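Protein chains: 2
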Amino acid sequence: MGPLEGVKVLDLTRAVAGPVCAFFLTLMGAEVVKVEHPKYGDDTRHFACQRNGVSGQFVALNRGRKGITIDMTKPEGQELIRKMVPQFDVLVENFQPGTLKKWGIDYEVLKEINPRLIMCCMSGFGQYGSMSQLPGYDIVGQAMSGIMETNGWPDGPPTKVGCLIGDQSTGMTGLAGVLAALYSREKTGKGQLIDISMQDVLIQYYDIPTYTLLGYKGGRTGNRLPTIAPFDTYPTKDGRWAIIACANNNLFEKLCSVMGKPELAQDERFATNPKRVENVEAMTEAISSWSKRFTMNELSGLLVKNGIPTAPIMNIEEVLNLPHVKEREMLIELEDSTMGKVQMVGSSIKMMGTPLNPYGSAPKLGEHNEEVFGRYLGLGKDEVSELKAKEII
Amino acid sequence: MGPLEGVKVLDLTRAVAGPVCAFFLTLMGAEVVKVEHPKYGDDTRHFACQRNGVSGQFVALNRGRKGITIDMTKPEGQELIRKMVPQFDVLVENFQPGTLKKWGIDYEVLKEINPRLIMCCMSGFGQYGSMSQLPGYDIVGQAMSGIMETNGWPDGPPTKVGCLIGDQSTGMTGLAGVLAALYSREKTGKGQLIDISMQDVLIQYYDIPTYTLLGYKGGRTGNRLPTIAPFDTYPTKDGRWAIIACANNNLFEKLCSVMGKPELAQDERFATNPKRVENVEAMTEAISSWSKRFTMNELSGLLVKNGIPTAPIMNIEEVLNLPHVKEREMLIELEDSTMGKVQMVGSSIKMMGTPLNPYGSAPKLGEHNEEVFGRYLGLGKDEVSELKAKEII
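Protein sequence lines, in the order shown, are assigned to chains A and B.
So our numbering is basically just the index in the first sequence, starting at one, shifted up by 2.
So our numbering is basically just the index in the second sequence, starting at one, shifted up by 2.
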């Protein structure tokens, strides 16, 4: 039994950011009804990891949902949404701001129909503010939050983060908003509107004090941090790179001992973290000239034994083959109704009392039309067929 | 009034990941009591953005809390924690797994004292699994989740993401766990243990189907995605880089129209997203030879007018100077009791019914010892002084 057993979610999300939020609501045991356009469905169906006519990203993000179709550009489609809203606790969406208002299904309208409704709107730039109408995508958010400017190497170009940091973090932030509102509603009896902007979220991820206090505008520092040292990659004898990270004096002293140079920890250039940051070149030279005397395995062994945070850099295959990752069920096999057997990521939220269930199958386009319109609106098979013939669903 | 008004949180977190979780619990209106070591305090106090003896990162992450000191390595300190636990709803921590057990304050012990306690443990590799004992830091999580391997350029080295993606996302995931458990407790009356691993969280951020379905091991693709095209940076006449992102045929058709080449959208090499991914070089050449005829401003104007997602790449100063960012209160000025006036990031979770408050001041080390030990344990001034003299607090 998940923590959200009994909660009903109307899911108008598409692409990635919104579905990440709805994904965890689903895994938490809510009944999540996903609404797609009757003709195209969600854009992610057409992403490039195709099998049996659907993409892996769609299945990854949308498993466990009930899937229905509604053409929300048509008045009859909009009316279907308004009729369903009284029976739902939560509505999540990530259309461009203004879209739902145009369709007559924005919060101002829906709260009159259901004052207990919790509505979470996720977008590139938020529901208000002079840039709110701009379309947003992960890479747009990264570019306009300072993240791309600070990702990469000093002598290279601004670089997109190698995963969908904007989408994923926006979805997780929306999730926190929905969950907090569900708790709050238990106390107040009232729903509310939540406004999540990808740009806001990525600004929150940015280390703002480096700018407001140091005036540092975020040039790229490769694998270093401007605030902690040592916290970098160091060469090994076999041509690999090892992470070594010490965020306090105690760990740095241990490292100096392991290096056989305990006196370095007392050296005034390296005695405190701010000093080590100031003298990072000299410190890096000292560590590198030591680290490259060992292979990755030898170095790892030495550092782990002494409790110093370290890691080799792994590709995803190496990661997913770690027994640890299997023990934590982070790579699971599930049976999807379209794809068949497929390997997907498990749940990163592990709640021991109310476990999450990541094993659902993703809906085919409109798969649950009869079930959902029957159960929530009392429509019969013929009425559903008629809506379909009229291309409303 | 925040959504968590009345909730009490005992905050044993340090460094960044744990405090991100506790930060939002604080902004949501919970009373959050942060416990620090009496001598050193949190490592983030010593990060390199110093003013008046404290770092900006500490203030950024820990404002709004009550601050107390307890030496949890001492039996008397451990007893203080056990005595306080019955009065708290939530305990959050991010020590290395096993540490709290050693101190006699792990979940097995604490749930006997308070069965309603929600305890969220955040760590590098989680509370169970063969690698759970390894120390974790942001860069370690990035290295051992495939993220570093996929971040950067094909001809360059694996690259750390330019912000603390591991810490931030682990904190946000822990936050979601705590909030779901609070909601669930309203229904069941029971608390529970939540186990968040940074490695799990970053695997969740990774686009796993690219590996499980395409067998793609995550070599670095610079500013491209392996699943969507166009979704990249393109050159402008004035030597800058513009983002152009189209995740569906409709947007790509619009782009081709703006380029004055509507026939490209029908070209069989580019007619669907999987086709565009397959023929990305030819498509990139077509877009780039067009984009470089315009300055960044001209190009932005053209694309925005036609509803095509685009962006210039901004540094953090340009971002924070946008009127939009000020309108959304993402850069705020607050009065910190140690730093004085300082600019900090606002709240990326905007809840219209129960607004979050990001204006708190960070505690000095042990600032609220008398108040908290008095209120929660009924200790008088003299007793608090005695604990201090014995270096227990």
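Calculated from the structure, these hints are not laboratory results.
Every value quoted in this text rests on a predicted model; they were computed, and no experiment measured them.
Check before you lean on any hint, since a few could be wrong.
Chain copies aren't distinguished; within one or between two, either way the pair holds.
Claimed, not checked - The calculated lysine-lysine pairs, modelled on DSBU-like cross-linking and capped at a C-alpha distance of 35 Å, are:
#, residue 1, residue 2
1, Lys294, Lys10
2, Lys189, Lys68
3, Lys383, Lys328
4, Lys219, Lys390
5, Lys219, Lys85
6, Lys390, Lys239
7, Lys76, Lys239
8, Lys10, Lys189
9, Lys113, Lys189
10, Lys392, Lys328
11, Lys103, Lys219
12, Lys68, Lys277
13, Lys85, Lys328
Checked hints:
no., hint, in the structure
1, Lys294 - Lys10, "neither (57 Å within a copy, 49 Å between copies)"
2, Lys189 - Lys68, "both (29 Å within a copy, 24 Å between copies)"
3, Lys383 - Lys328, "neither (44 Å within a copy, 52 Å between copies)"
4, Lys219 - Lys390, "neither (55 Å within a copy, 42 Å between copies)"
5, Lys219 - Lys85, "neither (50 Å within a copy, 46 Å between copies)"
6, Lys390 - Lys239, "neither (66 Å within a copy, 50 Å between copies)"
7, Lys76 - Lys239, "neither (65 Å within a copy, 42 Å between copies)"
8, Lys10 - Lys189, "both (18 Å within a copy, 15 Å between copies)"
9, Lys113 - Lys189, "both (18 Å within a copy, 25 Å between copies)"
10, Lys392 - Lys328, "neither (48 Å within a copy, 46 Å between copies)"
11, Lys103 - Lys219, "neither (38 Å within a copy, 43 Å between copies)"
12, Lys68 - Lys277, "between (56 Å within a copy, 30 Å between copies)"
13, Lys85 - Lys328, "neither (44 Å within a copy, 38 Å between copies)"
The structure is inconsistent with the numbered hints 1, 3, 4, 5, 6, 7, 10, 11 and 13, although it conforms to all the rest.
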